[in-house]
Amino acid sequence: MAELHIIGHIVGASGFPQNSLFCKWGVHTGGAWRLLSGLKEGQTQVDIPQTGDVAYWSHPIDLHYATKGIQGWPKLHLQVWHQDSFGRCQLYGYGYCHVPSSPGHHRISCATWRPLGSWQEQLAQTFVGGGPQLRSPDLIYSGADRYRLHTEAMGTVDLELGVIMRHFDKYGVES
Amino acid sequence: MASSSDIRQKLRKKGRALHETLARHKNEDDVQAEKGLPTAEEAYNFFTFNFEPDAQDGTERISRERRKQKKTTDEDRDDGGGDEDEHQENSDMDEDSQDENEDQSEETPLVRDEEENLFVIEKSSQDFLEVRKAEYIRYRKRIQRESELLYTPSNRPVPTSIKLPENVQPRYLEDEGLYVGKRPPVSQTNKNLLENRILKMEEALKSKDANMYIAGTADPEGDYQLDVDVSGLIFSHHPLFSREHVLGARLAQLYDRYLTRQHNNLTGHLTDKLNGLRSALRNMLEIHGGQSLTQGMQQRIYDYSLEVRNTRQLRDSEQEKDRTLLKNIIKVWKDIKALREFQKFTNTPYKLYLRKQNVDRASDEREFEDEILAEVMELEAESEEDYQRRLAEYKKQLGEWKLSRRKQKAKKKKRKKKEKGKVQDDKEEIKDEDQELSESEGFVEEDLPKPEAPNMPDFDSIEQRVREKASRICRKPGEPVLIPELCASGNATASELCPRAEIARREDVTRRHLFVKILYNDKEVSRTESRPLNTDFRVHFGQIFNLKIINCPQSINLQVFEEIGSSCSLLAQVFIPVPEPSVLTGSAPLEEFEFSSNQRVMFDHEGVGSDVPLSFEADGSNNQTLLTSGKLSCCVSWGIGEDDVPLAPPVSQQPGGVHSGLGRLDAVTCIGASGLYDMKKIGEWATQSRLDPNDPKNASIMQLLKVARSGEVTAPDYFRLEQLQEEFNFVTDEEFESSKRFRLLRLRNKGVGEFRNYKLVPALEREVSDKVFQDYEKRLKEEDIIDTKEHLDSHRALVAKYLQKIRESVINRFLLAKHRYLLSDLVIEEEIPSIGFLGINLFKLAEPKRPLKPQRKERKKVTAQNLSDGDIKLLVQVRPFVEISFQRTVLQTTTADGPNPCWNEELQLPFTAPNGDYSIASLQSVKDEVFINIFDEVVYEIGVNDKDGGKSIHTRAEKHWLGSVKIPFSTIYSQSRIDGTFKVNTPAVLLGYSKERSHGSSGGYDMLRSLSEGAFITLFITIEPQLVPGESIREKFDSQEDERLLQASERFEWDAAQGYPDRPCISTVTDLSGKTVFITRYIRPLNPPQELLDAFPNNPQEATTLVARFVSLIPSLPDRVSFSGVCDLWSTCDQFLTLLAGDEEEHAVLLCNYFMSMGKKAWLIIGTAIPEGPTAYVLTFEQSRYLIWNPSSGQYYGQYDTFCPLQTVGCLVNADNVWLNIQECTSPMRMSFDLTKTNIWKPFFSRSFSHPGLSSVQISGFPLHLPFSEIRPIIEAVHSTGVHNIQASNVEFALAVYVHPYPDNVLSVWVYLASLVCP
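Note that the protein sequences, when read in sequence, are chains A and B.
Under UniProt numbering, the final residue of the first sequence carries the number 175; numbering is consecutive throughout.
Under UniProt numbering, the final residue of the second sequence carries the number 1319; numbering is consecutive throughout.
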């Protein structure tokens, strides 16, 4: 009955073609994990930076998990969206990273990608926005069927996560 | 210091000196070039210039030209500059160098050679860069080069002979009946390519011994032990064997064979069998002797005799072998003896004894004769039979032959007749016939040979042959039985007595040492000690090697090495099979492995050598070639661990094993998916698709089917997603669930009431006490049990439970809507003051201050998040009285005198939210009430205490309760402030007090007057700091109303909110199922209970008040409390009466409906009142007066009653329409209720948008009460009500009948009828 605290925040995003961005995030765990407290998914505000192209969100993440096994270690999946001046939102990238498995403070930069459509779709995307999205967001953190996708690289999302582990050593997981 | 002119001069000098030196050096360069030394320029060029091999002359020419040019320039300069100057400068320079060190140091770098040259040659980017052609290797050349490095397998088919090792025939597993799965489709070209590649690769691998790095890499690792016991070895031939040794070895070998044969005793067995068969045959013949034998019997006899013959032949051959073996042994022994005698020494210890076993001659002879006789008889019978068969065959063939001959004759005859005509005479014919016969004979011989008659069997010769054979293979009768016995007890002759050659051989033997290398997976792991070769060519090692292994054994190889002095050579290799895992040390017997080597060895001494022809005959004939060979006795087995655990790998890990450890788990049981399939369907599918039952891939399916057919399958009805999860879990689920700490944390996170604001959760499991959960568990338990103690009767308890369920479902439905926020919900934005606003404020500054008319200021609102206990206080300002109690806190004002007291005091009451939760939802559900009690304080003087000398007076204050007002906290919270005068609930009779009654006018409505009587209290209540009241859900719900109607109502409400923001206006409401319903559907006449009407049949006034009182008695429960403030739900009157709890709206609707049914003109007033806030009242028009009814209290007020709690009137509703108040004033006193005037009442349905005929959601119905006589009159009565006359397709009816029995069969029948038109 080990416990895991994930405390940190989504710092921001950089390297995206536009900079009016927001981020939907969620934490996915296996069946052995149980959320004791905290919100495991959320959405940041839309950040429109006045200077520079880094969107800062400083969105807090504070989770407390209890687990009965290592399997299904929490993973963080992200969706970066862009809101244009008309208020339309379009997908700018999917990303995923495992919560670090060692205690301490971690800086994580999570690279994101976006599915690429056919050339007609891309043409339409440049003019009217929108674009292909994943039907099921499970694909962000599961490897199956990824090989079918064509993607283009988007920017990176920076996170700072502090991990506190408790009682893992009792069950032979030494850190 | 030097002056500026000095410096300038020096500089000039320096510049001149530079020119001079440059010129001089150029001259020097030329001189150097003439001498053959490279100039600095050439040296520079040497490193930087790109020499073209064929342009040497050109460069020389160029350099020469350049030099020429330089000469001319130098000359020119000399001409211009003059010689004097130069000399002067030179001398100057010398002087300078002598006098001033500074100058020299400045000059020296400038005159240095290399640097000078750098200045001379102008550098350009060309000097550093070079342009090269793009490198390109011709395609053909590249191909050629690549072909040296690369191997391209050809796509030609590989002949089978190359694929297989030598002398191996290809196997076809299909032909042998083994299952061979379907191969995946691969094109033939690819297959050929791969085959070629593999063949090539194998060659490459073999050459480098790379096999050992590849084999076994994928094997699972383990800690196993293999024990190799190398006991010793015996040579059956060795190059150092002497002749005698060769014979001895042969003798030993023969003797060994003899012993094994003797042990098996095949001859004896066969003889016994033969005898048995013979006697059986004899018996059979005797029993049926003479009688005709049946077909089956004959067959049996034939079978028997056949068996006898086969057995006899077998026995004879075995007997012959025995005999030859014995003869050979004796012969070899004789050879040895002869050899020993010849060479005069003995080398081997062998001695053969022939033990004679005497037999009884007579019986032996008899047996022998019997045997021969029996055999002869059998042979005779056989040959007789054979003869008969052949004779029969002959006869048959002869008959055929004759037939064919006759046919041909006939043919010939015919032909002849045709050819020769009839002229020929008979003689000629006969002659011809003979001729023809001879011809035809020749002709026929080609077709069928004339069979020869079989000879009669020669019975005498048979006996002769039998006897010959017997003498060859058996011992003669009476001859003693010879039993050879070989022993090695003899002594070898000492070396001194031997000839030189023999001594040399013996010495050679002693020089030889042998050892055995143990190779495991082609790697040497250990070797035995080197042991000397004994004179009897035996080596004993007796060593056991424990091999700790990790990889699976592929091969175990023992190499026998022979050591002569310091050189050693490999004699032979012995490959030992990898033992089965069950073969363990201690139980495994020693095994002998034969080995041999084809090395050619020759000696010049007595040693016979190896691979050398050898003859024992005097004439050198009968050559033998002997190869070094021997037997190695060793034993390989798996070791046993300390606690008797065999250190053998599991069977599955053996190389070649198909299953890996994990693969053994049945896939179906592993994921628990057996329940997924329909067994029958699988069975059908299996039969249809003709699954190959031998395919290992189908094994699990076949097993499954087998189990399914047996009907014992217990398929789990679940599907495991995370297989092997349990195996890796730290703790079991039960343990995980039972953790109190986790439970506490989770409940707190969920926001369960008891734990919502639980502050300190212990860090350790044991610190969480069980008591924490007691309350919670108790509540959980009680949710199911209806507590009849709290409620008066079971009906109310049921209703409470029903309400609870509705609440849950409603909350669930609204949960989604709850999470939608507007920007203003999250962001507090201070409004930027506009110019107009500023102007007003400025204007206010100029306003005269009126301290006697204080006005309340707007306060800042505080969101609920950042609050804690003690922050919130209730401020109560009481003008007339008294004592306020809230949440068990009691505060009291000072006492004021008189019947109209004025206190003007402010009381602060602390407020604590339940569980310390200050969220909006929690605050809304606070059920506490503020009680304001008015007391009369009466002071009695008890008397003067005598002891104190009359100084102290004892008084007793008595509190006499006069009345009370109670205001629910939820109202205060939602209103944020309550300001007004409230009627004090006084008891009907106050003993000891009397009311002053003004006996004034006695009109029809003196009750009106009396209403204004009584005690009133003026209050101002608010919460400090001001809290943001929760807002109801703005969510649009699905509706069954017409879309046009919904849009119109939306517009109507929006217009109202825009034009008259403080006037509540409702046109649509939400019903209990969460659907939007138009408000007029709630209004329709409903019959009040008959008893109420019957109470005052003559006084409609009384009846009206009674109905109002009845409605007010229904408990009031604000929706905010019951539904956690999520929304305002309207239940129908039916639901309201079932639930027996409702808001003001429900009360008002019910009251309005009753009034309408009583023939009054009634409307629903949507407005605000104190203390309720937004509420619903009922307006009636009676006797040209408008009356306002408070449905919650049952009291009514006249339109002009100052104490009417209704403060604003927003809109009026009846069954047909909704009117919005668009008058200036909202107070009922100052407005007109004339709905016909559209300039003061804005109707919802107007001419432009007419009433679509909305049916009511209320159920209409009535009870019929009849005395029972017959059924027909009752039906008539029901029919006469015309309840069925509803012209709507979606009408629903309800019917209930109740018969109440009275004595003497008098029955009272109640028929309840109801109709409902669904909206």
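Simulated from the structure, these hints should not be mistaken for lab results.
Glycine included, each C-beta is placed from N, C-alpha and C at the ideal position.
Accuracy of the hints is not assured; some may be wrong.
Short, incomplete list of chain B residues facing chain A, as computed with Cβ under 10 Å [to be verified]:
no.	residue
1	E726
2	F728
3	E735
4	F736
5	S739
6	F742
7	R748
8	E765
9	S769
10	D770
11	V772
12	Q774
In silico PhoX-like cross-links for lysine-lysine, where the CA-CA straight-line distance does not exceed 20 Å [to be verified]:
no.	chain 1	residue 1	chain 2	residue 2
13	B	K1075	B	K1161
14	B	K469	B	K517
15	B	K750	A	K170
16	A	K24	A	K40
17	B	K327	B	K337
18	B	K327	A	K40
Problem - Hints breached by this structure - result: 9, 10, 11, 12, 13, 14, 15, 18
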